[in-house]
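Participant: Residue-level listing of the chains:
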Amino acid sequence: MQCGLCTSSCPLGDAMEYPPRRIIAEAWNNSLERVIHSPSVWMCVGCYTCSLRCPREIDLTDTVWPAVRDYALQEGIQPPPELRTAFQNLYLYGNVFGYSPRKRLDWARNLEVTVRDLSKSPEPVEVLWLVGCYPSYHPRNQVVARDMARILTALGVRWGILGKEERALGDCDRLFGEEGLFEMLVENNRRLFERFKFEKIVLLDPHAYRALEKFYPRFGASFPAEHYTTFLASRLDQIRPWLKKPINARVTYHDNCCVGRRCLCFDPPRQLLQAIPGVELVEMKRNREHALCCGGGGGGMWLDAFITEHGGRRLSDVRIQHALETGADILAVSCPFELSRFEDAVKVARAEDRLKVRDIIELLADSMGLGEGGGR
Amino acid sequence: MMADALRIGVYVCHCGTNIAGVLDTADLARFASGLPHVHVARDYKYMCSEPGQELIRQDIREYGLNRIVVAACSPHLHEATFRKVLQEAGLNPYLLAIANIREHVAWITADRESGQKRARAQIAAAVGRVARQRPLEPSSYPVTPRVLVVGGGIAGIQAALTLADAGKEVILVEREPTIGGHMAKFDKTFPTLDCAACILTPKMSAVKEHPRIRLLTYSEVESVQGSAGRFKVKVRRRPRYIREDLCVGCLQCIEACVFKALKIPNEFDLGLAKRKPIYLPFPQAVPPVPVIDPQTCLRLRTGKCKQTCVEACADRQAIDFEQQEWIEEYEVGAIIIATGFRTFDPTPLAYYGYGRFPEVYTALEVERLLNASGPSGGEIVLRDGATPRVVGIVHCVGSRDHNYHPYCSRVCCMYALKLAHLIRERCGAEVYNFYIDIRAPGKAFEEFYERTQKEGVHFVRGKVGEVERLSTNGDGLRLMVTVEDSLLGRVRKIPVDMLILAVALEPAEGAEQVRQLFHISCSSEGFFLEKHPKLAPVNTASDGVFIAGACQGPKDIPDTVAQADAAAAQALALIDRGVVEAEPNIAWVDENVCSGCRVCVSLCPFDAITPDEEKQVAVIDPTLCKGCGTCVAACPSGAAHQDLFSTEEILAELEGILAQ
Numbered sequence: 010m011q012c013g014l015c016t017s018s019c020p021l022g023d024a025m026e027y028p029p030r031r032i033i034a035e036a037w038n039n040s041l042e043r044v045i046h047s048p049s050v051w052m053c054v055g056c057y058t059c060s061l062r063c064p065r066e067i068d069l070t071d072t073v074w075p076a077v078r079d080y081a082l083q084e085g086i087q088p089p090p091e092l093r094t095a096f097q098n099l100y101l102y103g104n105v106f107g108y109s110p111r112k113r114l115d116w117a118r119n120l121e122v123t124v125r126d127l128s129k130s131p132e133p134v135e136v137l138w139l140v141g142c143y144p145s146y147h148p149r150n151q152v153v154a155r156d157m158a159r160i161l162t163a164l165g166v167r168w169g170i171l172g173k174e175e176r177a178l179g180d181c182d183r184l185f186g187e188e189g190l191f192e193m194l195v196e197n198n199r200r201l202f203e204r205f206k207f208e209k210i211v212l213l214d215p216h217a218y219r220a221l222e223k224f225y226p227r228f229g230a231s232f233p234a235e236h237y238t239t240f241l242a243s244r245l246d247q248i249r250p251w252l253k254k255p256i257n258a259r260v261t262y263h264d265n266c267c268v269g270r271r272c273l274c275f276d277p278p279r280q281l282l283q284a285i286p287g288v289e290l291v292e293m294k295r296n297r298e299h300a301l302c303c304g305g306g307g308g309g310m311w312l313d314a315f316i317t318e319h320g321g322r323r324l325s326d327v328r329i330q331h332a333l334e335t336g337a338d339i340l341a342v343s344c345p346f347e348l349s350r351f352e353d354a355v356k357v358a359r360a361e362d363r364l365k366v367r368d369i370i371e372l373l374a375d376s377m378g379l380g381e382g383g384g385r
Numbered sequence: 028m029m030a031d032a033l034r035i036g037v038y039v040c041h042c043g044t045n046i047a048g049v050l051d052t053a054d055l056a057r058f059a060s061g062l063p064h065v066h067v068a069r070d071y072k073y074m075c076s077e078p079g080q081e082l083i084r085q086d087i088r089e090y091g092l093n094r095i096v097v098a099a100c101s102p103h104l105h106e107a108t109f110r111k112v113l114q115e116a117g118l119n120p121y122l123l124a125i126a127n128i129r130e131h132v133a134w135i136t137a138d139r140e141s142g143q144k145r146a147r148a149q150i151a152a153a154v155g156r157v158a159r160q161r162p163l164e165p166s167s168y169p170v171t172p173r174v175l176v177v178g179g180g181i182a183g184i185q186a187a188l189t190l191a192d193a194g195k196e197v198i199l200v201e202r203e204p205t206i207g208g209h210m211a212k213f214d215k216t217f218p219t220l221d222c223a224a225c226i227l228t229p230k231m232s233a234v235k236e237h238p239r240i241r242l243l244t245y246s247e248v249e250s251v252q253g254s255a256g257r258f259k260v261k262v263r264r265r266p267r268y269i270r271e272d273l274c275v276g277c278l279q280c281i282e283a284c285v286f287k288a289l290k291i292p293n294e295f296d297l298g299l300a301k302r303k304p305i306y307l308p309f310p311q312a313v314p315p316v317p318v319i320d321p322q323t324c325l326r327l328r329t330g331k332c333k334q335t336c337v338e339a340c341a342d343r344q345a346i347d348f349e350q351q352e353w354i355e356e357y358e359v360g361a362i363i364i365a366t367g368f369r370t371f372d373p374t375p376l377a378y379y380g381y382g383r384f385p386e387v388y389t390a391l392e393v394e395r396l397l398n399a400s401g402p403s404g405g406e407i408v409l410r411d412g413a414t415p416r417v418v419g420i421v422h423c424v425g426s427r428d429h430n431y432h433p434y435c436s437r438v439c440c441m442y443a444l445k446l447a448h449l450i451r452e453r454c455g456a457e458v459y460n461f462y463i464d465i466r467a468p469g470k471a472f473e474e475f476y477e478r479t480q481k482e483g484v485h486f487v488r489g490k491v492g493e494v495e496r497l498s499t500n501g502d503g504l505r506l507m508v509t510v511e512d513s514l515l516g517r518v519r520k521i522p523v524d525m526l527i528l529a530v531a532l533e534p535a536e537g538a539e540q541v542r543q544l545f546h547i548s549c550s551s552e553g554f555f556l557e558k559h560p561k562l563a564p565v566n567t568a569s570d571g572v573f574i575a576g577a578c579q580g581p582k583d584i585p586d587t588v589a590q591a592d593a594a595a596a597q598a599l600a601l602i603d604r605g606v607v608e609a610e611p612n613i614a615w616v617d618e619n620v621c622s623g624c625r626v627c628v629s630l631c632p633f634d635a636i637t638p639d640e641e642k643q644v645a646v647i648d649p650t651l652c653k654g655c656g657t658c659v660a661a662c663p664s665g666a667a668h669q670d671l672f673s674t675e676e677i678l679a680e681l682e683g684i685l686a687q
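Protein chains in written order, with our numbering: chain A, 10 to 385; chain B, 28 to 687.
None of these hints come from the bench; they were simulated from the model. Just so you know, not all the hints are guaranteed correct.
Said to hold, decoys possible - Below, in silico cross-link-like pairs of lysine to aspartate or glutamate (EDC-like), each with a Cα-Cα straight-line distance of 20 Å or less:
{"no.": "1", "chain 1": "B", "residue 1": "Lys261", "chain 2": "B", "residue 2": "Glu352"}
{"no.": "2", "chain 1": "A", "residue 1": "Lys173", "chain 2": "A", "residue 2": "Asp115"}
{"no.": "3", "chain 1": "B", "residue 1": "Lys301", "chain 2": "B", "residue 2": "Glu282"}
{"no.": "4", "chain 1": "B", "residue 1": "Lys520", "chain 2": "A", "residue 2": "Asp23"}
{"no.": "5", "chain 1": "B", "residue 1": "Lys642", "chain 2": "B", "residue 2": "Asp617"}
{"no.": "6", "chain 1": "B", "residue 1": "Lys235", "chain 2": "B", "residue 2": "Glu271"}
{"no.": "7", "chain 1": "A", "residue 1": "Lys206", "chain 2": "A", "residue 2": "Glu132"}
{"no.": "8", "chain 1": "A", "residue 1": "Lys294", "chain 2": "B", "residue 2": "Glu495"}
{"no.": "9", "chain 1": "B", "residue 1": "Lys520", "chain 2": "A", "residue 2": "Glu26"}
As the list claims (entries may be wrong) - A few chain A residues that don't get close to chain B, going by computed Cβ distances all over 12 Å:
{"no.": "10", "residue": "Glu188"}
{"no.": "11", "residue": "Lys209"}
{"no.": "12", "residue": "His319"}
{"no.": "13", "residue": "Gly336"}
{"no.": "14", "residue": "Glu361"}
{"no.": "15", "residue": "Gly378"}
Claimed, not checked - Label pairs and their in silico Cβ distance ranges:
{"no.": "16", "chain 1": "A", "residue 1": "Ala76", "chain 2": "B", "residue 2": "Trp134", "range": "28 to 38 Å"}
{"no.": "17", "chain 1": "B", "residue 1": "Trp134", "chain 2": "A", "residue 2": "Gln247", "range": "56 to 66 Å"}
{"no.": "18", "chain 1": "B", "residue 1": "Thr374", "chain 2": "A", "residue 2": "Ser243", "range": "27 to 37 Å"}
{"no.": "19", "chain 1": "A", "residue 1": "Ser243", "chain 2": "B", "residue 2": "Glu482", "range": "53 to 63 Å"}
{"no.": "20", "chain 1": "A", "residue 1": "Gly336", "chain 2": "B", "residue 2": "Thr374", "range": "19 to 29 Å"}
Remember, predicted model here, so these are calculated numbers, not experimental data. Every residue gets a Cβ at the ideal spot worked out from N, C-alpha and C, and that includes glycine.
With the rest of the complex left out, here is chain A:
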């Protein structure tokens, strides 16, 4: 009905030549060819705010925007170069960095707990843990992966990983209109997962979780999946006796978009944080459904320079101000993108001495006496 709530809700709507409402109007008018040459096409960061609020329940984030991008790609429009490289890497190596799949286990080198690598010795497990690209390769996130391994082991969970056979799930490419690449990844992953026996898949990356939960089933790939926040929160009774070391700090939590707005799951991460002795949980002015995106989704992670150039701001910088306003000592996150984005933003804000960015896993592991103390 052209109310424009999508545009006024969009964290970058004011900076778009063709904001979401306009795209729908152009589509009605059969004039999308005007849109696809605009930088606007590549500026959606997949935060789901417009989709959640749309009074006509138009699925902008997951349907309209990818369709426009798909059309642009079909018309031969080249996406911004940073993103092109990420896609190529994904196609060739199964991860956006272009690292060798053999290095997927680097994070677990010298880890004191046993890692069950199912690609080497397939055996039935309770939890198939998809470590994810960032926790596998990105040094800051590797700490989170190790802490997660320690927690799972301490809880007596029978878990395994796919080692060098693990590949990205392809969520961001789908949002980016690279439907073909996504379908290829779905098919490969489906065949891969079907080789193993497990009760459920647990993931660290909320985007990958969302893809597995919402989109894989459309291609006949249905696997029970949980984001680690809900998985651990469901075992809180088991975790609680371990939480002995107090973390005496004001902690604020940033809802990631996929587990939060897309899957409407807001309580489990907060339950985990509140279980930690000493933690005083404070909320940012925008929280839960109303939280502001970090700007990393929907391909935004690889378009930082592009979006900053056209949008005039980096959303993680705006969001870090919200966190600073609360007076919190720690910004807790539950998404691998956020750790790096917010640590950068803290530096930009020159607030390293005031605010630390830490994954919930790290905080739990610290309190359980298992943590490496990443980001502390």
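On the provided structure of chain A, position chain B as indicated by the hints.
Facilitator: Quick look at chain B alone, frame taken from chain A:
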């Protein structure tokens, strides 16, 4: 009845193109003529038209027909018409069966072939059942000439006064301590800017003074039994701890209360003003009798209080702390439900900041601010006393939104324009309306829209997506509103001091209980459903129960009043007829078969069945039975039967359907 004596006529209606556009009516008539006992089968453009009816009458006379099947629209629409046709031709009117091939087939069928099959099945079923139908005589009973009106807002007030002026007794039940409803909260009404109190309070007083209206405030209907013409209702009366028969409304007790300061949020002012434990909701409340809130009154809560109120009341002795809830019973012939609406709570829309920013108000709160007897004496001031310099009004909050209410609440555009006008008039603030579409289709509405535009009210076409704090102390403007101006095609950030949310209208609290209590139905949004959206807009599926006002759907005051008078007229029509003719589809018990197990007694939703202790059988009161069939289905020995729905009739109908 001897089978060879049956002579059935079948009439297939085209209903213009409604039926004939989808189904082959000539084929249906040919098909019907081959069915057992069918002597004549015809199709005709409009069976319900006079020539159509005459066709049936003629055939009855000419061919000696003694059973008629009309294949047309729902029996809800024309069953009565065709029964009359039979009667005029000398047949018992209950020897008619309707095959609904419009609503049940033509309107819902995309595939013509399967539709044709199903229409044939419906006709075969009707022919099968009509052959087994027997002549019936309707019973009738006298009507109690009294009307129950539920809800004392403008709808209930209007209906009660109209009926009482027509000489009927009215029982008016209101949940709150005063009548007046939402209208009593407003200052001015759109588009004429009449003072709401000036036009409402005379009617409120008239209710109180009317010799034929019994006003029961602070009361709720507890139960309803019976049917059109003779309902029995129980009304639960809550104690106000002040006797209405003794109080003269001097309000000395309020003055004298040991609570010197006003401490408790006043419900009538939506918490914007405070009251004492003993209070009158607003100065013109009717009845002008204070009420004591047992949650906060020291005497009622703790038993310990100086009871200065009792002292002040002195010899009148109207204060009665021992008052308990009590039940009153009434017999009425008709019921009008006018339970109104409530406004949408915008808290879930976190991005508007309602509850987070004190500068964000609902429109109803602002109505109170504008009211001279309201919390600010009619001044537009913020919670900290400052006068806003720029005011934003967000339209469609909770309306036209599939996440909340998909419907348009109809009155918001106009009340938003009214608020804009009054705010400019009172404090000269700049006013921005953030709208999707301005809907001003009523009499003098468009003119009022134009007037506000000329007065300098700003209109921005777009829905607000974000509200942020700019300043708290009022140095600069306080809030920043983000909106896409879809006419300019760009996002605008507009600073305001005050933001008003034009919230949706939704069914009143407790509407669902009311619905169940009176056996009426509701739409998916919870508004009560009229019997027919065009031709029976104040009737309900329950005979004798009528609806008026916003309980049926959002509407403004003129429409509400018109509907209230319509409901009153319908109630009058029922009452003045003096008798109700009951559909003869009632149940009866074969005493020779009944074992007296009483299964039916507890199941009957209308309390129409009583056990005869002497004969050890169940007895159905034909005047209370509504023909729902529950007892017939439940009876373990097959002793309960229902006219027009005998086992043989139903089996014949099923046979007809299944044979095709």
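Participant: Does each hint hold? Answer for all of them.
Facilitator: So, going through the hints one by one against the coordinates:
A C-alpha spacing of about 13 Å is found between lysine 261 of chain B and glutamate 352 of chain B, which places the hinted pair at or below 20 Å, so the restraint holds. For a cut-off of 20 Å, the pair hint linking lysine 173 of chain A to aspartate 115 of chain A stands: about 10 Å separates their Cα positions. For the proposed pair lysine 301 of chain B and glutamate 282 of chain B, the alpha carbon gap of about 14 Å is at most 20 Å, so the pair holds. Restraint check for lysine 520 of chain B and aspartate 23 of chain A: satisfied, since their Cα atoms lie roughly 9 Å apart, inside the 20 Å limit.
Of the pairs offered as hints, the one joining lysine 642 of chain B and aspartate 617 of chain B holds, with about 12 Å between alpha carbons and a cut-off of 20 Å not exceeded. Between the alpha carbons of lysine 235 of chain B and glutamate 271 of chain B the distance comes to roughly 12 Å, so the proposed pair stays at or under 20 Å and holds. Straight-line distance between C-alpha atoms of lysine 206 of chain A and glutamate 132 of chain A comes to about 7 Å, which keeps the hinted pair within the 20 Å bound. Between lysine 294 of chain A and glutamate 495 of chain B the alpha-carbon distance is near 9 Å, which keeps this suggested pair within the 20 Å criterion.
The straight-line distance between the Cα atoms of lysine 520 of chain B and glutamate 26 of chain A is roughly 16 Å, inside the 20 Å bound, and the hint therefore holds. Every beta carbon of chain B lies more than 12 Å from that of glutamate 188 of chain A, the smallest distance being close to 27 Å; the non-interface claim holds. Every CB of chain B is more than 12 Å from the CB of lysine 209 of chain A (nearest about 31 Å), matching its label as outside the interface. Chain B leaves histidine 319 of chain A outside its interface by the beta-carbon criterion, the shortest separation being 14 Å against a cut-off of 12 Å.
Interface exclusion of glycine 336 of chain A from chain B stands, the closest Cβ pair being 16 Å apart, more than 12 Å. Even its closest Cβ contact with chain B, about 26 Å, leaves glutamate 361 of chain A beyond 12 Å, as expected for a residue assigned away from the interface. Interface exclusion of glycine 378 of chain A from chain B stands, the closest Cβ pair being 38 Å apart, more than 12 Å. Taking the beta carbon of each, alanine 76 of chain A and tryptophan 134 of chain B are about 35 Å apart, inside 28 to 38 Å as hinted.
Here the CB-CB span from tryptophan 134 of chain B to glutamine 247 of chain A is close to 59 Å, well matched to the stated 56 to 66 Å. Take threonine 374 of chain B and serine 243 of chain A: their Cβ atoms lie about 29 Å apart, and the range 27 to 37 Å holds. Serine 243 of chain A and glutamate 482 of chain B have their C-beta atoms about 59 Å apart, which keeps the hinted 53 to 63 Å range intact. The hinted window of 19 to 29 Å between glycine 336 of chain A and threonine 374 of chain B holds, with their beta carbons roughly 25 Å apart.
The structure shown violates none of the earlier numbered hints.
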